[in-house]
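S.K.: In case you want the letters, here they are:
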Amino acid sequence: KAGVTQTPRYLIKTRGQQVTLSCSPISGHRSVSWYQQTPGQGLQFLFEYFSETQRNKGNFPGRFSGRQFSNSRSEMNVSTLELGDSALYLCASSYNGVSHEQYFGPGTRLTVT
Amino acid sequence: SQELEQSPQSLIVQEGKNLTINCTSSKTLYGLYWYKQKYGEGLIFLMMLQKGGEEKSHEKITAKLDEKKQQSSLHITASQPSHAGIYLCGADKVLGSSNTGKLIFGQGTTLQVKP
Numbered sequence: 001k002a003g004v005t006q007t008p009r010y011l012i013k014t015r016g017q018q019v020t021l022s023c024s025p026i027s028g029h030r031s032v033s034w035y036q037q038t039p040g041q042g043l044q045f046l047f048e049y050f051s052e053t054q055r056n057k058g059n060f061p062g063r064f065s066g067r068q069f070s071n072s073r074s075e076m077n078v079s080t081l082e083l084g085d086s087a088l089y090l091c092a093s094s095y096n097g098v099s100h101e102q103y104f105g106p107g108t109r110l111t112v113t
Numbered sequence: 114s115q116e117l118e119q120s121p122q123s124l125i126v127q128e129g130k131n132l133t134i135n136c137t138s139s140k141t142l143y144g145l146y147w148y149k150q151k152y153g154e155g156l157i158f159l160m161m162l163q164k165g166g167e168e169k170s171h172e173k174i175t176a177k178l179d180e181k182k183q184q185s186s187l188h189i190t191a192s193q194p195s196h197a198g199i200y201l202c203g204a205d206k207v208l209g210s211s212n213t214g215k216l217i218f219g220q221g222t223t224l225q226v227k228p
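Just so you know, the protein sequences line up as chains A and B, in that order. The numbering of the first sequence is the numbering used here, which starts it at 1 and goes up by one. The numbering of the second sequence is the numbering used here, which starts it at 114 and goes up by one.
Pairwise CB distance ranges (calculated):
no., chain 1, residue 1, chain 2, residue 2, range
1, A, 111, B, 166, 42 to 48 Å
2, A, 17, B, 133, 42 to 48 Å
3, B, 180, A, 86, 38 to 44 Å
4, A, 17, B, 129, 45 to 51 Å
5, A, 17, B, 120, 35 to 41 Å
6, A, 14, B, 190, 44 to 50 Å
7, A, 73, B, 130, 41 to 47 Å
8, A, 96, B, 116, 20 to 26 Å
9, B, 123, A, 10, 22 to 28 Å
10, B, 166, A, 16, 50 to 56 Å
11, B, 183, A, 14, 40 to 46 Å
The set of hints was computed from the structure by calculation and includes no laboratory data. The structure presented is a predicted model; accordingly, all values stated were derived computationally and were not measured. C-beta: ideal position from N, C-alpha, C; glycine also.
Here chain B stands alone, though its shape is the one from the complex (with noise of 0.2 Å):
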């Protein structure tokens, strides 16, 4: 079973629109993070959260880690077609410790921008 369930799946948005994109586990976080991915390309680290409540931004990208540590968002303002890609929520297997060289996964949502 999967153990971070993303939200949506895919995603058709126009530019120009806000857009949010959420990663859900049923276990506690301990080290959230968000990556992207060119199709067929490898993935490109956008940001790590790991403190409940904690928000962090890079240029129109927001990403936020709940209180309880359980559910990341990643909020796109003023979406632009450069945005287009596969995001991918991933966090730390092992309670304690990120020197694993392991990250879980999950589904991807695929944001299509519509020029």
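Next up, chain A with everything else stripped away, as it sits in the complex (with noise of 0.2 Å):
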């Protein structure tokens, strides 16, 4: 069975600028979730799609947002970029988002310049 997938592995973006990362969840999983890290802040829960309706929401502005397809795959967008976006960008999918049966994805790498 293949795992999380991430796309792109790495980005370089310049601030104002907008960004979309995608995530392609395991097959048969119909939640994922989005996570941000970064050295300052840590690993921090953006939000969760579940059956293509957003389930839940962390504590970001709205210019981060997202989207979820009828086949799971889901987007994460990002507007107006700030310096501090940059981070490590984790997806996780789970069957019906229990939280430990959570597998994650690599990751997207993020710079703002």
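Reconstruct the complex from the two isolated chains, following the hints.
M.R.: Set out below in structure tokens:
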């Protein structure tokens, strides 16, 4: 069974631009969660999608948004990028959102200059 | 404020030595998970602890949850270079439910093992 895949793996953007990251969950998984990891704040929950609906949301500004498609693939969008958005963005999938049953992808390393 | 405090932040040990990483919460934990992360990569699930006093082992790694369910420790016996990485503790945010797809994490402990 293929694992969670994230594309692209690395990305460099300029302040003010927007970016879209993609996550393909394990086949059959309906829940996709997104996390941001930075040296200062650690690993923080962004949001979770389940069956195309956002079910949970972390404490991030509205510039961070996401969506999930009918095949459970998920995208995360960050608009008006700031330097502080430089981070490793991880997605995790699970069958029904059970936290400890999440499988994590390798992450997308976003650098904002 | 960080809801899960990990200590130490970093650790350098000689191969073959034992080590312990701690994870402390100010609130009762209802599911405590340990993960390992290679730098810049995703998380690998190690162990889950749910009951007070619970202890689990996998190969040379043992994790315990105290009786009050507010502190957990991860102990590695006879460390090897393959143990190097970042160890993170995570917990369910919501009381009584783990079906949220949401975890909170400690800051992580970076472990280096010198051959």
